[in-house]
Amino acid sequence: MTTEGVLGRFDLGAEIDRFPPGVPSGRRSETLLKTPRLRVVLVTMRAGTELREHTAPGVITVQPLQGRFAFMTDGGEREIAAGTLIALEANTRHAVRAIEDGAFLLTIAWPDDARDAAIPSHESGET
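Just so we're aligned, residue 0 is where the sequence shown starts under numbering that gives the first Met the number 0, counting upward by one.
Treat the hints as calculated values from the structure; they're not laboratory data. The reader is advised that the hints may include incorrect statements.
Stated by the list, open to error - Label pairs and their calculated CB-CB ranges:
hint, residue 1, residue 2, range
1, Gln65, Thr30, 16 to 24 Å
2, Thr83, Ala108, 16 to 24 Å
3, Pro23, Glu3, 37 to 45 Å
4, Gly7, Thr83, 17 to 25 Å
Where is the CB? At the ideal position from N, CA and C, for every residue including glycine.
Modelling step: build the complete structure from the supplied sequences, incorporating the hints.
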């Protein structure tokens, strides 16, 4: 099998080690893959750190890799951890709080009409 067509291959454990949460913010976001229609972002957070309520211009998935997180939407708060995946429609208001030190993979299906939209603050490196 060749690697033709493969956009990237990531050892997520190594990426988590390479991009620990920032000081003093307690969180860090690193874009692992960016195409015109897709963003894959690794977010690392220290316990107690929060990503305040915001929206994303496309459909998103949040998949915890390590730790536990409180994930909030207008529909309430739910705990998510490794082995779970949550998906949201575009422009759904949401927030995330780290219950434990951890990391999650954020995937954004970037719509054509949002190519020039502002990147959510958690996608722009250490914040």
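Hint by hint, work out which the structure violates, then give me just those numbers in ascending order. Checked against the structure, no hint fails, so every one of them is satisfied.
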